[in-house]
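Asker: Sequence:
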Amino acid sequence: TLIELLVAIAIIALLAALGTAGWQRSQRYARATTCMQNLRQIGAGLARNVAENDGTFPTMMMARASMAEDVPVIDTVLRPYVPDARVFACPDDPKHLAKLTGTSYLWNTKLNGQRLAALSISYLAMDPISDLSRIMVMGDKEGFHPNLENKLNVLYADGHASQELTFVST
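Taking the numbering used here, I'd label the letters of the sequence shown as residues 6 to 175.
Among the clues, some could well be false.
[Said to hold, decoys possible] Distance condition first, Cα-Cα at most 25 Å in a straight line; then the derived DMTMM-like pairs of lysine to aspartate or glutamate: (1) LYS100 to ASP136; (2) LYS115 to ASP136; (3) LYS115 to ASP59; (4) LYS146 to ASP75; (5) LYS115 to GLU57; (6) LYS100 to GLU147; (7) LYS146 to ASP59; (8) LYS146 to GLU74; (9) LYS115 to GLU169; (10) LYS100 to GLU169; (11) LYS115 to GLU147; (12) LYS156 to ASP136; (13) LYS115 to ASP75; (14) LYS100 to ASP75; (15) LYS100 to ASP59; (16) LYS115 to GLU74; (17) LYS115 to ASP163; (18) LYS104 to GLU74; (19) LYS104 to ASP89; (20) LYS104 to GLU147; (21) LYS146 to ASP163; (22) LYS156 to GLU169; (23) LYS104 to ASP75.
Don't read these hints as lab results, they were simulated from the structure.
Quick caveat, the model's predicted, so the values are computed rather than measured.
Using the sequences and the hints, build the whole thing.
Answerer: Given below as structure tokens:
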């Protein structure tokens with residue numbers, strides 16, 4: 006009957022809507038995971054750079070305003086160590102910062118010129134941190150990942166990457 010047909014169509018439409026929402030969510034998580042993998046690959050390139058420079062971190066700017074600036078930043082200094090230039094762009098970067106500035110990631114300038122073997126960083130008034138798994142090397146420029154809510158992807162000095170909470174203004 007017509008009512009049964011309409012109910013069947015409504016059920017199919019509901020299942021299609023649920024499937025689409027699930028597909029979109031899985032795509033967002035995949036982009037966030039790709040971003041974290043990008044950070045790990047950049048970290049591997051950074052490790053090669055540090056090894057070639059007697060265990061010393063490179064000196065770089067945190068970021069640049071545009072590609073026109075000729076300053077040492079992540080994508081210029083580490084490019085010889087990272088085979089794929091697409092790694093410098095987060096796939097969830099809605100403002101296309103990588104196209105404008107060369108990368109979607111920020112460098113921790115406190116690492117400039119420091120030796121890995123003696124690495125110790127103080128943040129604000131806290132005690133110096135020497136545990137490499139707690140020293141942030143670089144991370145997303147902004148909260149690109151809508152599914153991560155208030156989190157950023159961050160690379161640490163020991164080479165691992167994870168999602169960390171960001172500061173949110175109220």
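Asker: Work down the list of hints and note, for each, if the structure agrees.
Answerer: Cross-check of the supplied hints:
1. LYS100 to ASP136: 34 Å, violated
2. LYS115 to ASP136: 15 Å, holds
3. LYS115 to ASP59: With Cα atoms ~18 Å apart, LYS115 and ASP59 stay inside 25 Å; holds.
4. LYS146 to ASP75: 19 Å, holds
5. LYS115 to GLU57: It holds: about 20 Å lies between the C-alpha atoms, which stays within 25 Å.
6. LYS100 to GLU147: 10 Å, holds
7. LYS146 to ASP59: 29 Å, violated
8. LYS146 to GLU74: OK: LYS146 and GLU74 at ~18 Å, within 25 Å.
9. LYS115 to GLU169: Cα-Cα ~19 Å, so holds.
10. LYS100 to GLU169: Roughly 21 Å separates the two Cα atoms, so the pair holds.
11. LYS115 to GLU147: 19 Å, holds
12. LYS156 to ASP136: 22 Å, holds
13. LYS115 to ASP75: 21 Å, holds
14. LYS100 to ASP75: Distance of about 21 Å is within 25 Å: holds.
15. LYS100 to ASP59: 37 Å, violated
16. LYS115 to GLU74: Answer holds: LYS115 to GLU74 is near 21 Å, not above 25 Å.
17. LYS115 to ASP163: With Cα atoms ~16 Å apart, LYS115 and ASP163 stay inside 25 Å; holds.
18. LYS104 to GLU74: The given pair, whose Cα atoms are some 13 Å apart, holds under the 25 Å limit.
19. LYS104 to ASP89: 15 Å, holds
20. LYS104 to GLU147: The hint holds at about 15 Å.
21. LYS146 to ASP163: Holds - the C-alpha atoms of ASP163 and LYS146 are around 20 Å apart, at most 25 Å.
22. LYS156 to GLU169: Distance ~5 Å between LYS156 and GLU169 Cα, so the pair holds.
23. LYS104 to ASP75: 15 Å, holds
Taken one by one, the earlier hints fail for this structure at numbers 1, 7 and 15, listed in ascending order.
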